[in-house]
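These protein sequences, in sequence, are chains A and B.
Residue 137 in my numbering is what sits at position 137 of the first sequence, and the numbering runs on without skipping anything.
Residue 435 in my numbering is what sits at position 118 of the second sequence, and the numbering runs on without skipping anything.
One or more of the hints may lead you astray.
[To be verified] Derived coverage of chain B by chain A (criterion: at least 3 residues anywhere in the stretch with Cβ under 8 Å from a Cβ of chain A; other residues may be distant):
{"#": "1", "region": "423-433"}
{"#": "2", "region": "452-462"}
{"#": "3", "region": "475-485"}
Hints listed in this document are in silico derivations from the structure and should not be mistaken for laboratory results.
Built from N, CA and C at the ideal position, the CB exists for glycine as well.
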Amino acid sequence: MNMQPKKGEMIATREGYGNAIAELGEKNKNIVVLDADLAKSTRSYNFGKKFPKRFWYMGISEADTICTAAGLALSGKIAFASSFAVFITNRAYDQIRMSVCYSNANVKIIGSHGGIITGADGPSAQGILDISTMRTMPLMRVFVPADFYEAKKATFAMAQSEGPAYMRTTREGIPVLFDDSLEFKIGKGMVLVDGSDAAIIACGELVSQALLAAKSLKKEKISAAVINMASVKPIDRELIAKFAKKTNFFVTAEDAVINGGLGSAVCEVLAETSPARVKRIGLDNTFAESGKPADLLKKYKMDADAIVQAVKYGLKN
Amino acid sequence: MAENKKGLIEKLKKTANELRKDILRMTTEAGSGHPTTSFSAIDIMACLYFHEMKFDPKKPDWPERDRFLMSKGHGVPAQYACLAHAGYFPKTELNSLRQINSRLQGHPDRVKTPGIEVSSGSLGQGLSVGNGMALAARLDKKNYRVYVMLGDGEMQEGQIWEAAMSAANFKLDNVCAILDKNGIQNDEWVEKEKTIEPLSDKWKSFGWRVIEIDGHNFGQILKALAKARAVKGKPTIIIAKTVKGKGVSFIENRPDMHGVAVKKEDMEQALKELGE
Numbered sequence: 001m002n003m004q005p006k007k008g009e010m011i012a013t014r015e016g017y018g019n020a021i022a023e024l025g026e027k028n029k030n031i032v033v034l035d036a037d038l039a040k041s042t043r044s045y046n047f048g049k050k051f052p053k054r055f056w057y058m059g060i061s062e063a064d065t066i067c068t069a070a071g072l073a074l075s076g077k078i079a080f081a082s083s084f085a086v087f088i089t090n091r092a093y094d095q096i097r098m099s100v101c102y103s104n105a106n107v108k109i110i111g112s113h114g115g116i117i118t119g120a121d122g123p124s125a126q127g128i129l130d131i132s133t134m135r136t137m138p139l140m141r142v143f144v145p146a147d148f149y150e151a152k153k154a155t156f157a158m159a160q161s162e163g164p165a166y167m168r169t170t171r172e173g174i175p176v177l178f179d180d181s182l183e184f185k186i187g188k189g190m191v192l193v194d195g196s197d198a199a200i201i202a203c204g205e206l207v208s209q210a211l212l213a214a215k216s217l218k219k220e221k222i223s224a225a226v227i228n229m230a231s232v233k234p235i236d237r238e239l240i241a242k243f244a245k246k247t248n249f250f251v252t253a254e255d256a257v258i259n260g261g262l263g264s265a266v267c268e269v270l271a272e273t274s275p276a277r278v279k280r281i282g283l284d285n286t287f288a289e290s291g292k293p294a295d296l297l298k299k300y301k302m303d304a305d306a307i308v309q310a311v312k313y314g315l316k317n
Numbered sequence: 318m319a320e321n322k323k324g325l326i327e328k329l330k331k332t333a334n335e336l337r338k339d340i341l342r343m344t345t346e347a348g349s350g351h352p353t354t355s356f357s358a359i360d361i362m363a364c365l366y367f368h369e370m371k372f373d374p375k376k377p378d379w380p381e382r383d384r385f386l387m388s389k390g391h392g393v394p395a396q397y398a399c400l401a402h403a404g405y406f407p408k409t410e411l412n413s414l415r416q417i418n419s420r421l422q423g424h425p426d427r428v429k430t431p432g433i434e435v436s437s438g439s440l441g442q443g444l445s446v447g448n449g450m451a452l453a454a455r456l457d458k459k460n461y462r463v464y465v466m467l468g469d470g471e472m473q474e475g476q477i478w479e480a481a482m483s484a485a486n487f488k489l490d491n492v493c494a495i496l497d498k499n500g501i502q503n504d505e506w507v508e509k510e511k512t513i514e515p516l517s518d519k520w521k522s523f524g525w526r527v528i529e530i531d532g533h534n535f536g537q538i539l540k541a542l543a544k545a546r547a548v549k550g551k552p553t554i555i556i557a558k559t560v561k562g563k564g565v566s567f568i569e570n571r572p573d574m575h576g577v578a579v580k581k582e583d584m585e586q587a588l589k590e591l592g593e
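Starting from the given sequences, assemble the full structure and let the hints guide the process.
What follows is the structure, given as structure tokens:
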């Protein structure tokens, strides 16, 4: 299965991972995949059905899954381990700390069902802490792709570059923004729209919301840049500093808690280089709830309209 | 043949005694560490490192090597003593234990120390890591074995039982867990704090071959390791009844000595008991 969705189609980023890992399995015999009973959901089963000898159902045991992946990685394998974002990063947090990062094992962690757009299953399944907890972990790199193709290319990049890494994907379809010619560069942000009044730095599904916001602001003669920051760690310090010369107002947008993730990372860079004001969009000291993705983004003030309001407020005050 | 075995046991006993002295010196020099935890495991480790396992100290990454994982990471002075004795690094380096800029961290550090297979010290993780290494051996058609040293307090970690299920499920007969059952955890006697019994029945019911031995009887240790090697189709656990602090009378079987180094003024007496 090699999907080639067109721009504007609604495709979940987990499909990007599923396509990439099945393709990688052909090219690289060193790749192994483990899943903690959500292989069909995370799409790791795309690999499993093609390469059953290099794929293990680990059962509902995230801690065991991560450490077994570490053992494989420490024996020369490139080990991908997956489950829902909320389980694989948070249930196995200490295993990631000790057996993966402190051991510097070549483990790639994939968390699907990231963000509140996971929707109907409610807060127990919505990954909102993965970005922040993984970002603060020494040696861990964190990628939050904005569409199908970025997830696919980020998966290739993870396999190629040695060391621990985490990628979050979505359960829900989000707009395809790129095509197969996209290059994913670890540590590089991508300017999707240039602008000088304000800069919106987003990751994941909120990149398409940011693009809608910029379009709507343009109608009101407000020039807002949109930067896709899929590489949350390492983050593109130069690009942020460059925009701080153009504008002194930033909005960050991530479908996650506002502490410790992309918003915090941008604030840290700005505080250390050229201080600017920042409004962080995301969950502010709250869990979300069950509901339709669009309704949730609206209610928790993470949609395009909320980004527009944030930019306007920031420019006025 | 019997004479050879007797000679081997005498040699290993002597080695274990030397290792105990090293453990004692390095932890007392550091002023902290876990000598009693190391003493309960060291006879088994002497048999592993100096008889059972194949490895090359000049090539710590040799792909064919047998793996030893100190899942009960606080017992790492025992492993440092073995590694130094085997030639992974100079014995003089043992005195740098727990000091700044040392390669010998308070608990195992895979990146810093040659011969350490995975970082540990947060209990419960080693068996899962070992399973991963065993799966890799199967994929790569290598015949190395994986030895994982567990503590009895560590049995209280849930992940141990996740890993126990996995190893049996994957029929990992190249995994050999060793349970250093010294009966004492940080705060209390294990059986007073949170019972882990019936331990043998638990492991059997999880699909493991269980071998019970006296962990200070070299004949039994060597026999158990050989037996484990011959088991096919399932993983083996050697449940070794041990004495925490074994070898120095005044630190034996004392819950209050967990994580406490022998005082400098008591060293002479301790070394005397070990035959110096």
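Hints, one by one, checked against the model:
1. Here's how the region 423-433 of chain B fares: 3 of its residues keep a CB closer than 8 Å to some CB of chain A, so the rule of at least three is met and the hint holds.
2. Coverage of the region 452-462 of chain B by chain A holds. Counting CB-CB distances below 8 Å, 5 residues qualify, and the rule asks for three or more.
3. Chain A is given as covering the region 475-485 of chain B, and this holds because 6 residues of the stretch bring a CB closer than 8 Å to a CB of that chain, at least three being needed.
Comparing the model with each numbered hint stated earlier shows that all of them hold.
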